[in-house]
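S.K.: Residues 1 to 202 (our numbering) are what the sequence shown spells out, left to right.
The set of hints was computed from the structure by calculation and includes no laboratory data.
Cβ atoms here follow ideal geometry from the backbone N, Cα and C, with glycine treated the same way.
This list has only true hints and no planted wrong ones.
Label-pair ranges, simulated between beta-carbon atoms:
id : residue 1 : residue 2 : range
1  : Q35       : Q109      : 28 to 38 Å
2  : S97       : D131      : 28 to 38 Å
3  : R3        : S33       : 25 to 35 Å
4  : Q109      : A39       : 28 to 38 Å
With a cut-off of at most 27 Å between alpha-carbon atoms, the simulated DSS-like pairs for lysine-lysine come out as follows:
id : residue 1 : residue 2
5  : K26       : K53
6  : K77       : K23
7  : K121      : K150
8  : K23       : K53
9  : K150      : K115
10 : K150      : K111
11 : K121      : K36
12 : K79       : K140
13 : K26       : K79
14 : K111      : K77
15 : K111      : K140
16 : K140      : K26
17 : K79       : K111
18 : K140      : K77
19 : K115      : K79
20 : K77       : K115
21 : K115      : K140
22 : K150      : K38
23 : K38       : K121
24 : K79       : K23
25 : K23       : K140
26 : K150      : K36
27 : K26       : K77
28 : K140      : K53
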Amino acid sequence: MDRNQVWLIGYFENLPEFAFEFKGNKFFSGRISIQKGKATDVIPFVVGENVLKEVGTVESLDVGAMYEIDGEIRSRKGKDGRIEQYIQALRVTPSESADFRNEIHICGQAKRPPKTRVSAKGTVITSLCLDVVRQNSDTKRDSILCTAFKQIGEIAESVVTGEVIGIDGRAAAFVSQSGTEVLEVHVSHIEREKNENTVTEA
Numbered sequence: 001m002d003r004n005q006v007w008l009i010g011y012f013e014n015l016p017e018f019a020f021e022f023k024g025n026k027f028f029s030g031r032i033s034i035q036k037g038k039a040t041d042v043i044p045f046v047v048g049e050n051v052l053k054e055v056g057t058v059e060s061l062d063v064g065a066m067y068e069i070d071g072e073i074r075s076r077k078g079k080d081g082r083i084e085q086y087i088q089a090l091r092v093t094p095s096e097s098a099d100f101r102n103e104i105h106i107c108g109q110a111k112r113p114p115k116t117r118v119s120a121k122g123t124v125i126t127s128l129c130l131d132v133v134r135q136n137s138d139t140k141r142d143s144i145l146c147t148a149f150k151q152i153g154e155i156a157e158s159v160v161t162g163e164v165i166g167i168d169g170r171a172a173a174f175v176s177q178s179g180t181e182v183l184e185v186h187v188s189h190i191e192r193e194k195n196e197n198t199v200t201e202a
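Assemble the whole structure, with the sequences as input and the hints as a guide.
M.R.: Right, here's the structure in full:
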């Protein structure tokens, strides 16, 4: 199980825009559109100028063409003290596939007990927070929030603090009631290290 891997294939509706500069490296924020049936996921990401050098510059990106983003999901504290999540692109390349992809694979330790609620339609919804080590690092860690639904939500409800689990899922973005863009991991599969309760979304 990969400890932190994001794999996206889609197209850019607009060119990424300059966001900030850190240690001499410019970073840009963008969105990649990924079709899912009749719907479209529009997923925000951050990419460094050094990463874009593999494909040229921001201006040389082909809007509307298919690209592949390999990266990881990271977290930071927002201005209000809450955890914000974002996708850090570690590689951007023209896609050799015409198939859309939206995959997240992480493995980490549960930081606290899961929180479960039941929707008005009776759907079980469970939130998990995992402590996940970044790629190519043994010290840098992120607190990743994941949401599981229905039968997987019922299994997620039994996860205990400190338990190591693997999660497969997809990125989902939406705007909160306060107007803030929120990025979530929607769980499609849970693998428990010492438990035979492994469930995949139907």
